[in-house]
Each structure stands twice: as structure tokens, then as C-alpha cells.
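Participant: Line by line, the protein sequences give chains A and B.
Positions 1 to 202 (this note's numbering) are the ones given, in order, by the first sequence.
Positions 1 to 310 (this note's numbering) are the ones given, in order, by the second sequence.
If you're looking for bench data, these hints aren't it; they were derived computationally from the structure.
One should not assume that every hint holds.
[Claimed, not checked] Result set (DSSO-like, lysine-lysine): computed pairs, CA atoms no more than 30 Å apart in a straight line:
(1) A:Lys92 <-> B:Lys65
(2) A:Lys38 <-> A:Lys164
(3) B:Lys36 <-> B:Lys83
(4) B:Lys36 <-> B:Lys26
(5) A:Lys92 <-> B:Lys26
(6) B:Lys65 <-> B:Lys26
(7) B:Lys36 <-> A:Lys92
[Unchecked claim] Selected chain A positions facing chain B (Cβ under 10 Å, derived; list incomplete):
(8) Thr84
(9) Asn95
(10) Arg96
(11) Gly107
(12) Gly110
(13) Asp131
[Claimed, not checked] Negatives, chain B to chain A, calculated, CB over 12 Å:
(14) Thr21
(15) Ala24
(16) Leu37
(17) Asn52
(18) Val62
(19) His134
(20) Ala251
Note that the structure is a prediction, hence the values are computed from the model and not measured.
Where a beta carbon is used, it is the ideal one built from N, C-alpha and C, also for glycine.
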Amino acid sequence: MASRPPADAADPAGQRELLSSGDVARTIARIAHQIIEKTAPEPGADDVVLLGVPTRGVPLSRRLADRIGEFSGVTVPTGALDITLYRDDLRKQPNRPLEPSSLPPRGVDGALVVLVDDVLYSGRTVRAALDALRDQGRPRAVQLATLVDRGHRELPIRADYVGKNVPTSRSEEVAVQLSEVDGRDQVVLRRPAETTRTSEES
Amino acid sequence: MRHLLSAEGLDAASATAVLDTSDALKQTLSGREVRKLPTLRGRTVVTMFYENSTRTRVSFEVAGKWMSADVINVSASASSVGKGESLRDTALTLSAAGADCVIVRHPASGAAHRLAGWLEEAGTQVVNAGDGMHEHPTQALLDAATLRERLGDLAGRRIGIVGDVLHSRVARSNVHLLRTLGAEVVLVAPPTLVPAGVREWGAQVRSELDPELPGLDAVMVLRVQAERMHGAFFPSAREYSIHYGLTEQRAAKLPDHAVVLHPGPMLRGMEIAPAVADAPNAVITEQVRNGVHVRMAVLYHLLAGEEIGA
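Next up, chain A with everything else stripped away, as it sits in the complex (with noise of 0.2 Å):
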């Protein structure tokens, strides 16, 4: 990681550079080490299952499985819960669509299910993944994997597995981009100007 030149300066559009691509890639192989590391899957056992919350959550899980299988040789599971209908702002924003929901065919009871996201933020939509979970079945134990956690919880929430810590501030903007949604990997911290939004801050 510290091998990169800082990117600090900002961009004439207002935005600065997090996380370059190969940075992306980097963060992704390391989380994916430390997963090994912290549970032991064994081949076979069916035993970690890594669960997206859609929309970057999803594909970033399938990216971590693919690395844990390429260092470990072990195959995890993979799937997508979408956590829409859980969540506690439902009534403060205009409808939200649902995402598809898919869970392994094993399905969770007894395993150690390792949470997906790509920002960790107040805490809120891991709040509703949990609930979530708990209508699907019941985990061994329960962690959490994100590529950046920018602060300011609002819940007594921590990750296991943290990409990058980025101090921010509430009017910032962290916006994680994924070649398979976005064409592109990279992570970008917005000023306020900016108010395109490409990511679900979480």
C-alpha cells in the first residue's frame, strides 16, 4: 500500500482519489488473506459463506471468494442479501427497488457467515443485514468485511476485515467503484459540491 504516491490532490471535478485500481485489487487479496487467517476454512466443509449486500457488496464477495480459493484452495460459498426491506429510513426516502436476494444452497444455519459491504458508514445497513440474517437462519457467528470505513457510526457496529480507514466528513461523499457495476475499480472521496451518487453509503 505504500507504494503509491500520495493522491491528495484534488481533481479539478472536486474529487479525490481513495483507492486506484490496483489499490482495489490489493485491498481485496489482503482482506481476502485475513479471512483465511481469522477463520480456517477447510475444503469441503461448506463451513465460511460470504453474503454481498447488494449492490457493490455482491460483487465484491464473489471477488474475495475467488481470491480465498486461489491462496487457500478452499471454495466459499458466496451469495446476495438484500437488506431493502429491513432497513429503518424505508419511510424517509422515495421508494427503493428491491435487489435480488440469494442465499447458497447450504443456506446459513451453523455457518460462519462473513457480511460483504463496501462502505461501512453508520452502521445502519449492517443493522438491517443482521435482521435480515436472522429471518434466513442461524449463523455459527456473524462478521464483517468492508473495502473502506469512513466513520461516524451511529451504532455499536465494528468491522472485522477493514480495506481502508478514511477520515471524512458527513457533507463527503465516499463513492467505491466496481469494474462489474461501474466499468471501472476505483475509490473516490467527493466534496459536497459534488452530488452524483454511484454507491449506497452505508
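Guided by the hints, dock chain B onto chain A, whose structure is given.
Facilitator: Only chain B this time, still in chain A's reference frame:
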């Protein structure tokens, strides 16, 4: 969405959004032990049925309960309606008692529209669960959900609606919604059971069933609504059945991929042969199953988002 009063005027984007939500809900709930979502916790939904109904009322009630709304059923026969209270007063009473949404079925066409006007000020939302011979939009949505499941995109598909079109709110709602979704609709009915002004619906009208069958992707058989027939519309039930009943011989003329729908309740042997209703390409129980998810989707779109203007 503020209310759901008719399929006519429902734009393609809104209809597709409801159908997509319904598909997502079906997928989310499939195989789950606990079929309960917390989404509408604390919202109160009242069903107000001035006509007999099993499937629609139960379907709405299950949909509301699976979304964690409090669902209260009012049937006209067991309420103050029996004492002579007007529709307007009953609705205002329910609204004042805390209903966020009123689901109404009424024998008078236009009842849901009137109700929506009366309840506008109170901010209570209205869903039309069937008004007279006018519309039954959630039925059309669940039919579309079922058709999409079996046929994929409905654009360019040819759907036949057969039978008592005159008295059928299901037919009217389906014509509007299917046309909005890009399908071609052909109505097949005896001339006495074709409503005046049907030309404006944008559907083709035929009086013979047999020549249409080979070209259909789906055929929707309507119930003969004896309770609304106050005149002689056809000589006898037997003659109707001979000309318009979907018999096994007729069903064999449909293409292999074609599906058979019926909004229920079915009159087996009258408009549809028992063997046809139970055949693998009949999706009648699937319609009921999808009805719950579609109504959950409608309640989600009406009640879950931020309050509009209230």
C-alpha cells in the same frame, strides 16, 4: 404511487416496478421458514369487502401480514353497513380509526375512485380490489406476473381473453395492463357479452374461438358472471359451453408453449373443462400464489416509501 385504482393509466414503468418487486419478494421468501418481513411494521391496512370474495381478500390479508402490517377485515354484512351507513361514512370512520390504507371491493363501478377522493384529505391510501364491472388492477398485475414467469417479456405476445367480457373487470384491467406492457390482446366473446365502447380499449374483438387458438401465447378464460346477468345474454349454459368453453379438443389447438389462465372462481364444465384446468400448462394455482407476492409489492410501493403530500 398514491393509490392503485385502475390498470388504465398505470404507466409501463410503474407496472414493471411492481412486477419486479413482486418477483424479488417471491425469490426472497422462497424456501424460508419465516415468511415475514418487517417492512410495514406499524402500518394499518383495512380491507373493506362489499362483495363476496375468498381469494382476493385472503390474498390481501396474507400479503399485509407477511409484510408485518396490521390487517383488519371489514365485511359489509357484519359491519355498520348493515345498519345503513353510507360508503363514505364507513370509509371516513375507518380512516379516523387509523387506517393507512383501505382496500375496497364494491359492486358499484367507480366506488374506489370516489373513496380515494373522500379520503384524500385524511391521507389514507386506497387500493381497488374490484369495483363492479370496471376494474380489478391487482388481478391484472398478478396475471402479468404469472405470464412473465412463463413467457418472459410480454412485448409482442398475443393473449386471448375469452368469455363474459361485458361483466368482467378482470378483462378490462388485463386489456389495459397487457397493452401497456406491449402485448397484443384479442377478446373472444359472444356479441351480446361485448361491452359498448370496446373499440377504445385497443384490443381486437372476435366472436369465434377456434380460429384464434393456434396463434395465442396464452388464453385467459373468464367466469360467466351469472350474478351480474339480468337479461338473456345467451340461449343456454350448454350452448355457451359448446361455443366458448375451453374443452380438451380446443386446448389441443394451442401452441405447446401456451398457458391457460383463469381468475377464479372456476365453473368447471362451463367455461373450462376440468382436464384443461388441471393440465400442466394451466397456471391457475400459480396465479393465486403470485397474487400474494404482487399484493405485497403493491402495499410496498404504496406504504413503504416516504409520505407523499401528507
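Participant: Checking each numbered hint in turn, tell me which of them this model violates, lowest number first.
Facilitator: 3, 12, 14, 15, 16
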